[in-house]
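Q: Residues per chain, in single letters:
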Amino acid sequence: MKRIFEHPAPSERELNGPKYWRSLDELAATPGFVDQLKREFPQGAAELDGVDRRHFMKIMAASFALGGVGLAGCRRPELNILPFGKSVEGIIPGLPQYYATAMPLRKSAIPLLAETHQGRPTKLEGNPSYLPHGSASSLLAQASILDLYDPDRATAHTKGASVLTSAAVNELLANVGKNYAASQGAGLAFLADQSSSPTRARILKKLRRALPKAIWAEYEPVTDEPPLAAAQAAFGADVKPIYRFAQAKRILSLDADFFHAESGSLYYAREFAKGRRVTKATDPMNRLYVAESAFTLTGSMADHRLRLATSHMLALAAAIGGKALGTDILKPFTEGLEAFVSQKWVDECAQDLVDHKGESLVVAGAHLPPQVHAIAYAINALLGNIGKTIDFVAVEASSAATLSDLAGAVKTGAVKTLVILGGNPVYNAPVDLDWAKLQASVADVIRLGYAADETSALAGTNLASAHYLESWGDARTADGTVVPVQPMILPLFGGITQLEVLARIAGEANPDGYALVSETIAALAGGDAEKAMRRFLHDGLLEGSAFKKVPVSFDQRGAQVLFRDEPKKVEAFSLKNLEVRFVTDHKMDDGRFNNNGWLQECPDPITKISWDNAILVSPKLGKELGIAPQGSALQIARVEENDFSIGKENGRVYELTVGGRKIKGPLHIQPGLSNYTVVVPLGYGRVATGHVGKGAGFNAYPIRTVANQDVATGGTLVDTGTRLLLANTQEHWSMEGRDIVREANFDEYQKNPGYVDDIGTESHSPAIYGAQNTPTNDNKLSREDRAKLNATRAKDIPRGGSMYSTPKFDGQHQWGMSIDLNTCIGCNACVVACQAENNIPIVGKDQVMRGREMHWIRLDRYYSDGKAEGGAFGGEGNREIPEDPQVSLQPVACAQCELAPCEVVCPVNATVHDEEGLNTMAYNRCIGTRYCANNCPYKVRRFNFFDFNLRQLDSLYLGQLGPKGMPELVKMVKNPEVTVRMRGVMEKCTYCVQRIQNGKIQHKVAMAQAGRPGDVVVPDGTIKTACQQVCPVEAIEFGNIDDPTSKVSRAKALEQDYSLLGYLNIRPRTTYLGKLRNPNPKMPDYQALPLSRVEYNSKNHPPSDHGHGAHGHDSHAPAAPKTEKKHSVIDAGKTFGGLS
Amino acid sequence: MSKLFPKSANKLPFQIIIYLGVLVCVATAGVTYYMTPKYTRVGYAPVQPVPFSHAKHVQEVGLDCRYCHSNVDKSAHSNVPTSQTCMNCHNQIKTTSPLLAPIRESAATGKAVPWVWIHKTPDYAYFNHSIHVNRGISCVECHGKINEMDVVTHMQPLSMAFCLECHRHPEAALRDPKDVFNLDSKRLADQGEAGVKQAKALVDNWKVKPPQSCSGCHR
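Chains A and B supply the protein sequences, listed in that same order. Going left to right, the first sequence walks through residues 1 to 1140 as the numbering used here numbers them. Going left to right, the second sequence walks through residues 1 to 219 as the numbering used here numbers them.
These are computed hints drawn from the structure, not numbers from a lab. Just so we're clear, the structure is a prediction, and the values are computed from it rather than from any experiment. Virtual Cβ for every residue (Gly too), placed ideally from N, Cα, C. It cannot be assumed that every hint is accurate.
Covered by chain A, according to a simulated footprint, are these stretches of chain B (three or more residues, beta-carbon under 8 Å) [to be verified]:
id, stretch
1, 68-78
2, 116-127
3, 180-191
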């Protein structure tokens, strides 16, 4: 009871950093507090004065015998309420505040609203004032808030081993400017990451005037904007394209992942979904052609997907361009392409674009050479797309030197002082520059960095950078709109910003971030400076500041300049000559988010691997390398069964050699890759990083050279003989011919919008709502009637003769959700948004490998190739890993079943329904039997196997012996509106019950104060779940299904609405809208039915079985192997088990 | 063979049963009394850093609850006033009182006065003040007659049973909305037949339907 804790004396660094304190005593370090710190309990709480232990036991025994219980022990500890000393304007304790800010990334930014609780930012949302994004934000933006509270971030400015005070830093920076003033900056060089900040540009101009001979270089390891050279040649102007996907009916993507990798991807995804969404049979639907080497999110949405090496993209562009433009000049560039692409594919694709003049769009990936972009521009120009599906805006060409230029200068010894702002060149510079050595050769290196990393290790002076949520700044979105970067909190560790560093070097004595930005905005906005700035901060953007649209006309002559080089013949790749494609990782980006636990644990949207990257190879290449999974191992795309270890992906570690340089990494067989293209995601394998990123993945930068930044050729793979276990969250990739994701082609939908009801088992099983109320009959009603019917059923329904008593749904709302699988692009933003909103812990690679990840919402990704062996459940399923699969994506979270199977098995009533239809979890009741998780058909319940919120991930198994507690910094990110769960309790999606309750309360309070207290039903759209709010494509609708006019009711009344595993009569409140594909019947790879349907039909409706003609879809069934088995209704019900 | 046990041992099983029975009863009674919020919380009246008297400020000065607890009708949390709020008056009166020294210091430095937290719901219970006071539940229901207290004392158990009692029968606890901050007012249900009728009407018109399921308070 009286254990004395010897707290380690705080380090110098901690003393200089910010202080967190729980009481004033702690802040003042009063002797009483220091004494108390050493005790487990406050003085007197655990001992009796003048009584020894023996005596105490005697007394206690006596008092127990008398029936009295230790009184003091029952008292709760004394806690304090600490109100502000001085009132703070606008802060109401208990209510969050929202401020506009933005996350800058390379040359763009995502406008955000930051939610702060008493000055502590906890959650980021998209700023709805910025219309191109709505309230959406990206995966990276959602997770970026965790970086603010990263315990591994730089906490002090250092020079060598000594800590610099902020005064010393100011002096040091001022001296840099002064020392080089005489030489006009000769000998001084800057290396910065790219930025769109107008203020940085303004200070930079000033700096360059003062120090004209200083070198200013910018470097980003990845490019996400089309090369300006192409636009200059094609249009004779410095312009960049802005695509208007919503207007495009036919889209061709040439290796462009415009859902993720391209600048402005959030806007593009959103616009694409607008052209994709179909709510009635007469709606148009866009068609997406994708040619790509890797397998991207964009490719997974394609109606026609062509696997083609990145190096062959020019040939394909030339071929399609030649056909679309009716010219032969591009012919020489297509030579050899016929070996990889059928002429028909090219012709029909081109024809489809030509048939939609002004409504088509060709997009080329930013990493492709200018020639491809020029051809894409030419097609867009000549098909009349410019001004309709694509706009060109004027941008300024960068005047910055490249990293190679800077490296040249360093080599000659011309650089005496090097100031590195952000970035991490030692880690990610092209390997042939040998940057580490060059940087070490500079006498004086000053680095502004966010955390101790590879670059800071080779810098003499390291300045701690402020997080963007601690900084004043500005940025431009991809379309050029100027948005503020506004601090939510004072720099936790005294970090400084790039703007301050540059301003100080430029000679400003006391630069103030706010003033710097305000000066820029005043100049941009004109008028009253103070007013303009206030408005800017209030709106979160500067109205009308977007890049100006410029009319452009295609200049063929100019473009021809790009094609002067002798055309290269299309090179055939092989096992001995592999194409290596470097891609930005979905989560780590270029490595900057490496120490972010939320992102590390979030599975890759396509490979589903978390905590690692892998060398991705095609199934064909896998076979040639001797890896051909068979039997049960096939489903998990792994090696032979006896290689298995704890059921997770057992990757073979291969050595990838390009140009004599080698890297090692685990192999992952990825369906859908170009046969001989090896894809390596960047951003992993950091050597100097924090606790989270350490040991995750392999580093792909060491084989990347200046010339081959995006794609290299001549790669070879050699088995090292070792293995690496990968944490793959979805081993099973096939739907096994089941009706999990229900799909149809657009033409089928147009004829039969209710196609989903013909697919599922519901069409076979006894009617859930009574004999007359089958889904097919329901579909005969008008949508309004269906919505009304749904509203009635939500409250008062025949319960299908259930033997369990069910709760009364008599609340004032009935919550429900609809997820549109047709627009979901699988970006995983919802996964991390949910994690941020609901205090979901990370569990680490080891626990993920045991299937213990805690995400409340997951994205299932299924492949189908139509070759699952038929026979009613008797077939072998897929025999090979598909080379060219179709992808079906499905977000799955707790569906809040009305007849929830989890509830009936809970022995302690810890999971019960509320009156508004939520399946609630009472954490305090839960005793952790996990029966509910076993009985959940969706497998969406998550169990806290450990105290993930209290214990370090590397010492989970030490139990009580391990260190306890999390750093105060880590706790700061928690949402105070949500309970932090402890070990041994079950948890799951709550439909963001905290948002529901607060939404209801705020509405009722507002109505009571407005004199309309009876108005208790929350207006539609007021309450948004975290996943709904973040969704870039607005695939998720949430609201009151008791109101037939609400958006969610209208979505659920659509004919393509279906329940996942609905035949179980669990009546999920979350339902899905079926997926549609829009293939071109003239294309050679046209599939009359989505491949998952082919598999479904061949499994469930073998042609020999004529008993089911009534459902009308047997006619589609392809020739599947004959089988003797006939299945009955009961068979179907039995065999369709839960989800895997 | 001599007797191993004396004859009195025959009574032993019987006695043990009796003793055990008594022990169980005593333990049950003890736990019920001593370990439930009714005992552990009610009566808690800690010493505050400044001996603030609600009785004086409400009854003599005539302050409304919302002068200090200014956000009680807006936020989940009923704010304890900032020291600046206290100084609104106390820069005029009792400017040198030693009892007010912590307030003056706090207002000058901006550091908080460490008031001792009395009415604390558990962390997993998300109580919201604004919805209660805006819909006819007076402060007095949970806090007792604070307006008469010199030293604030915990009056109600604030246990889940206590909350549910009211959530099940809201009409019994409702006040006329204009009386919510009048701690001397009577519940409608205690105002005779007319009051009972009015309470019923309030429940109907305002659609008062306090949550009784877990999600109402636990998130």
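Q: Each hint: holds or not?
A: Hint check results:
no., hint, result
1, 68-78, "holds (count 6)"
2, 116-127, "holds (count 6)"
3, 180-191, "violated (count 0)"
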